[in-house]
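Starting from the structure of chain A, add chain B where the hints point.
Chains as they are written, first to last, in the numbering used here: chain A, 113 to 337; chain B, 45 to 275.
Please keep in mind that the hints were generated in silico from the structure rather than gathered at the bench.
Every value quoted in this text rests on a predicted model; they were computed, and no experiment measured them.
Be a bit skeptical, because a hint or two may be false.
[As the list claims (entries may be wrong)] Stretch by stretch, here's where chain A covers chain B in the computed footprint (C-beta under 8 Å, at least three residues):
| id | segment |
| --- | --- |
| 1 | 55-68 |
| 2 | 120-131 |
[To be verified] The calculated DSS-like cross-link candidates involving lysine-lysine, where the alpha carbons are at most 25 Å apart (straight line), are:
| id | chain 1 | residue 1 | chain 2 | residue 2 |
| --- | --- | --- | --- | --- |
| 3 | A | K177 | B | K81 |
| 4 | A | K228 | A | K181 |
| 5 | B | K139 | A | K228 |
| 6 | B | K139 | A | K181 |
[Unchecked claim] For the chain A half of the interface with chain B, some residues (derived, Cβ under 7 Å), not all of them:
| id | residue |
| --- | --- |
| 7 | G222 |
| 8 | L233 |
| 9 | F251 |
| 10 | A255 |
| 11 | A259 |
| 12 | P276 |
Glycine included, every Cβ here is placed at the ideal spot set by N, Cα and C.
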Amino acid sequence: MNMDFITLGGELLGVIQFGDIVLYLTPLNLFLFAVLLGFTFLIAISKTETQVEATMHHLDNTEVKVSPKEFKQRRFLSIICGIASAGAMITGDLFNFTLFMALVGILNIGIVSAVKQTSVLNSAFNYGLIAMMCSLPLFGGAALILASTGTLSLEVLSQMPASPMVVFGAILMLIGILGESGVAPFFASKAEMFRTAGSPFIVIIHLSSLFIIVRAVEILLLVLW
Amino acid sequence: MIMLPSFVPDAFISMYLPAIYAGLIIGFIATMAIAMKKEELHILILTDLVGLAMIFVVSAVGTDLAEALILPGLVVELAETLAISEILITREMRKIEQDPRKNLTKSSSIFPQPFSLDMEIMTTAPNFIALVLIGYGIFLTGFTGGAVAGGGIVLYALSKKARGLPVLMVDGIAGVSGIAWCLWIIGFLMFFVTPQYWLLSLFLAACGLLLKVASKVGLIGLLMREDIDKE
Numbered sequence: 113m114n115m116d117f118i119t120l121g122g123e124l125l126g127v128i129q130f131g132d133i134v135l136y137l138t139p140l141n142l143f144l145f146a147v148l149l150g151f152t153f154l155i156a157i158s159k160t161e162t163q164v165e166a167t168m169h170h171l172d173n174t175e176v177k178v179s180p181k182e183f184k185q186r187r188f189l190s191i192i193c194g195i196a197s198a199g200a201m202i203t204g205d206l207f208n209f210t211l212f213m214a215l216v217g218i219l220n221i222g223i224v225s226a227v228k229q230t231s232v233l234n235s236a237f238n239y240g241l242i243a244m245m246c247s248l249p250l251f252g253g254a255a256l257i258l259a260s261t262g263t264l265s266l267e268v269l270s271q272m273p274a275s276p277m278v279v280f281g282a283i284l285m286l287i288g289i290l291g292e293s294g295v296a297p298f299f300a301s302k303a304e305m306f307r308t309a310g311s312p313f314i315v316i317i318h319l320s321s322l323f324i325i326v327r328a329v330e331i332l333l334l335v336l337w
Numbered sequence: 045m046i047m048l049p050s051f052v053p054d055a056f057i058s059m060y061l062p063a064i065y066a067g068l069i070i071g072f073i074a075t076m077a078i079a080m081k082k083e084e085l086h087i088l089i090l091t092d093l094v095g096l097a098m099i100f101v102v103s104a105v106g107t108d109l110a111e112a113l114i115l116p117g118l119v120v121e122l123a124e125t126l127a128i129s130e131i132l133i134t135r136e137m138r139k140i141e142q143d144p145r146k147n148l149t150k151s152s153s154i155f156p157q158p159f160s161l162d163m164e165i166m167t168t169a170p171n172f173i174a175l176v177l178i179g180y181g182i183f184l185t186g187f188t189g190g191a192v193a194g195g196g197i198v199l200y201a202l203s204k205k206a207r208g209l210p211v212l213m214v215d216g217i218a219g220v221s222g223i224a225w226c227l228w229i230i231g232f233l234m235f236f237v238t239p240q241y242w243l244l245s246l247f248l249a250a251c252g253l254l255l256k257v258a259s260k261v262g263l264i265g266l267l268m269r270e271d272i273d274k275e
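Isolated chain A, as found in the complex (with noise of 0.2 Å):
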């Protein structure tokens, strides 16, 4: 272990060695790590509500529930989510973080994939689509990175100056998670997904992806150092 390994989040607390993958602990990741374990504790425990809308022309309510099948695939999916989210804010490998990546991408499709709202239906496809697209920047960065440095681990790559390759690779590696997160450019999809019952579920899609932004920013300043 070097003594001058630069981390953003903090004093280093220590590291925890698997062979190749080396985890870092900071206070920033802790803390990330435990505040994302504890909202998918509070997800497992936790019913869905039940929305009530407004009927036209009528002085009545419609209520918008979510059927047991569908309510448990959703807390399924959810929970998955929540871990991968918090797989993402504690690994010490770009790799990893890719991969996390992608899977909270795929999730945050297959949380509202059984809902009724066509609307709905339609902007998780084109969500779908954006994530698809990215994920050619999103591990073709990683990939760059990997080519020109010779490692994905965050330690060994936070220590080396960043080439032209790198900073190339890292600039991918940005567009790719900015749209399989969905923000920024990408939100206007993303956003529209919210609008269905079932909510402490969806809110995982948006926590996950507010989380992952945070670290990816940890992460691309440690590559370009």
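Okay, now just chain B, sitting in the frame of chain A:
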């Protein structure tokens, strides 16, 4: 900074940058095509092309670490394609449910019109091609061979018009697959326990893998045909 083992030929190293550019250009062309197309099914298929370009870029690195990126990348692509097509189908079903009359006049892009072709070559040629493919697959052995032989079985299954697959046959294929799995594991174990019999264990593993992949792909084909024929 490039760290390369000395035995890597220069030709391979010089191939890296063109491969990266080719992958990125393919991705660009595919996204342009997506921007121009309006049919959703076409967009889905074209999106898969972008995924293939991703495999291109990753595999250009050519190390075992890159291989570790390719396999999950492929799986992710497959899973995303399946998830999105599932969403597309759910949405179309929902649309038909909401307005059943709408679909009577205009056919949707997901369920194409059934067509029947009555040609002699459709019944005789697949048998021969399937036989050749299975034979070639056995000759290849291993994962590739399994895929080729499985392709042959799928072709045979798809070309046959007989309906209603007996349960016994599906069970039988699953059984063969299980035995093949045992062969593979025994071969793998023998590699470590008795390295001097490496050739035997190699063949055990290769034949196991061949049977395994072939039966799996074949089973997928048979189930698929069942699904299509169900109406």
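The hints, checked one at a time:
Only when three residues or more bring their CB closer than 8 Å to a CB of chain A does the claim for the segment 55-68 of chain B stand; here the count is 4, and the claim holds. Closer than 8 Å: that is the beta-carbon criterion, and the segment 120-131 of chain B has 9 residues meeting it against chain A, so the requirement of 3 holds. At roughly 36 Å between alpha-carbon atoms, K177 (chain A) and K81 (chain B) are farther apart than 25 Å, so this suggested pair is violated. Restraint check for K228 (chain A) and K181 (chain A): satisfied, since their Cα atoms lie roughly 13 Å apart, inside the 25 Å limit.
Among the hinted pairs, K139 (chain B) with K228 (chain A) is consistent with the structure: their alpha-carbon atoms are about 10 Å apart, no more than 25 Å. Taken as a hint, the K139 (chain B) and K181 (chain A) pair is honoured in the structure, with Cα atoms around 21 Å apart against an allowance of 25 Å. Interface hint status for G222 (chain A): upheld, as the beta-carbon distance to the closest one in chain B is roughly 6 Å, under 7 Å. Hint status for L233 (chain A) relative to chain B: holds, with the closest Cβ pair at about 4 Å, below 7 Å.
The interface hint given for F251 (chain A) holds, since its Cβ lies 5 Å from the closest Cβ of chain B, which is under the 7 Å cut-off. Checking A255 (chain A) against chain B by beta carbon gives a least distance of about 4 Å; that is within 7 Å, so the hint holds. At about 4 Å, the closest approach between the beta carbon of A259 (chain A) and any beta carbon in chain B falls short of 7 Å, and the interface hint on this residue holds. Taking 7 Å as the C-beta cut-off, the interface hint given for P276 (chain A) is violated, the closest approach to chain B being about 11 Å.
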